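Required output: the full structure, derived from the provided sequences and hints.
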Amino acid sequence: MAITMAQAINAALRDAMEADDRVLIFGEDVGRLGGVFRVTDGLQATFGEERCFDTPLAESGIIGTAIGLAMYGFRPVPEMQFDGFTYPAFEQIVSHLAKMPNRSRGTVKLPVTVRIPYGGGIGAVEHHSESPEAYWAHTAGLKVMTPGTPEDGYAMMREAIAMDDPVIFLEPKRRYWMKSDAELPITTQPAREAVVRREGTDVSVFCYGPMVRTALEAADAAADEGWSLEVVDLRSLSPLDTATMVASVERTGRAIVVHEAAMTLGMGAEIAARIQERAFYHLEAPVLRATGYDTPYPPAKLEEFWLPDVDRILDMVERSMSY
Amino acid sequence: MADHAIDPRSLLPPDEPVHLLDPDGTLHEDDDHPLELDDEQLRELYRFMVVTRKVDREAINLQRQGQLGVYASCMGQEAAQVGSAYALAEDDWIFPSYRELGAALVRKVDAAGLLHLYRGTWLSDHDPYAHNFALMSIPIGTQALHATGLAMGAQRDGNAIAVITYFGDGGTSEGDPHEAMTFAGVMRSPVIFFVQNNQYAISVPLEKQTAAPTLAHKAVGYGMPGYRVDGNDVLATYAVTKRAVERARRGEGPAFIEAMTYRMEAHTTSDDPSRYRTQEELDEAAKTDPIARMRNLLTQRDLYDEELEQAIDEQAKETAAYVRAGIYDASHGDPLELFEHVYVDPTGHFEDQREQLRAELASSADGDGEEVA
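Protein chains in written order, with numbering that gives the first Met the number 0: chain A, 0 to 322; chain B, 0 to 372.
Think of the hints as simulated: they come from the structure by calculation, not from any bench. A portion of the hints provided could be inaccurate.
[As the list claims (entries may be wrong)] A few chain B residues that don't get close to chain A, going by computed Cβ distances all over 10 Å:
no., residue
1, Ser-136
2, Thr-213
3, Thr-277
4, Thr-287
[Said to hold, decoys possible] No more than 30 Å apart at the CA atoms, straight line, and that leaves these computed lysine-lysine pairs for DSSO-like:
no., chain 1, residue 1, chain 2, residue 2
5, B, Lys-53, A, Lys-108
6, B, Lys-107, A, Lys-98
7, A, Lys-98, A, Lys-108
8, B, Lys-53, B, Lys-107
9, B, Lys-107, B, Lys-316
10, B, Lys-53, B, Lys-316
[Unchecked claim] Covered by chain A, according to a simulated footprint, are these stretches of chain B (three or more residues, beta-carbon under 8 Å):
no., region
11, 116-130
12, 140-152
13, 167-181
The structure presented is a predicted model; accordingly, all values stated were derived computationally and were not measured. Note that beta-carbon positions come from the ideal geometry of N, C-alpha and C, so glycine has one too.
Quick look at the structure:
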């Protein structure tokens, strides 16, 4: 029976709660309603209000209390309802969640997994389609993961919850309904390892989260043009699997980074820097980026012009191949 | 869940702060705030305040000698801190801001360890779990949420402890204490929100901080009782906090305490308070000194004599000397420790940077023979 990414993440939360009674799920509307995307559906019914509960509408409060719960010995999995509403919690995430273990010389551990549905493509109103991953990846002390497949939605969530480091878990909301025939539970590669989703010989395409499927579609289309794309799903944005990226570029000699987030100082900038540092002599062309534009996220009717898609990726492939 | 049938008038603070001990040492017993302290405990409260003031002064001196980068004094607030912390049991938790030396000493936290934050040798140097005393928190009011979260954890664990968090009058304007009190109110969490109203947020006086009748009135909006107490009266502070703590431990939910006090020193050693307050105001505040009035009480009760004075003085000096010894010229330690505690499970690029620093240290040691640690 096929499952969606949302169902796979739901199953991961359920199995994690089953496996460890210190796992707590909380946030806005995650209890009775089961979350606005139904990712926490049924958890309160199964595990009760003590372990899956609705909080007041206050994002800083959700993360700040998660820190206190973790200090007590729980393994909190708080939800930020939407990417654009994480900003009230920015201080708690950056100043405490990320820094307190270090500040305490390791005596305080904060095994908190912050779930954030992110990215665009669903025709939402303003503040519901943002890609804030670079803020978190820029912050020492956090791990940042984002699944591109339902299988990873399950396996990486289990891994994140089991980790003793704080994790920002970015769920690509436009892929919540993406289906797979995978049987759960499933184990995939450790999140720190990037995975080559499709092997190719001409250009390496580095992508993550919602853009994994887009990049695979671009690879299909590129094949019709006679270009062979290697699609690498990064999965973990902090840490980044530099070795897998470099190995891919050593094979292809060309690299394109794809992400929804705006270009300037996005993940693409860091990836391009690492590739040129470590694979300079293998490069046949500059590292190029197919990303969102450096504008605020557009209104719903304009997002198709803003988001990177197959055509934008192919334009970059053509440019890369022209060197 | 919050009890919406609650009569809001029952949550209102008293017209006047609870006050038990006059500056001349006269004690007004109050059935609503029983003290139940024996002579030894009265002496102990006094001793904690004297030691706090001495160590506080030592820290200021260390800063002036270039040994601390900065220091935030708690002078004048000893009773508010000692009285409230003394009302807690050992398994209760404290979430301080950065000015709670007095509370830390009651908890027997290593004072020299605390001051490493101000020396810059490390960001903290005490184990929060050893004394149930969380790390000092610099971003204003943010610790109120950690306190609430920990209290929520205790509730889920069936562990009847209380958690106290300290912040100041300025902190009541921040969002995080507001969110913390909202959460604690809704979840009936055992948290005491203890505000030391020392009249100033750096230079900004209380009347520019809030239009509320008193800070304690804010409690009503969160569905918890607002208490007000003379924060320079160690016995009143103890009694009011104890009542709130017992209530919390019984599962009756959070409380808000506004302790009226006065910051006798600058905000920090980097501050110049002469730009915003007068000597007359300071002289007036000095008349309500928390330590003098407790000594007056002890003297009246024949609990204070030269022997006690000497013993306390000795202990204060010893603690101050211990702090000085722990801080003076303290080494920053191994720079590679910068990478030690960032992740439980570090990987990749992070390890490369650690190696880069290791190589830099090795080459500077080889190159000019300088000590690096």
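So, against the hints stated earlier in the document, which numbers end up violated here? Of the numbered hints, 1 and 5 do not hold.
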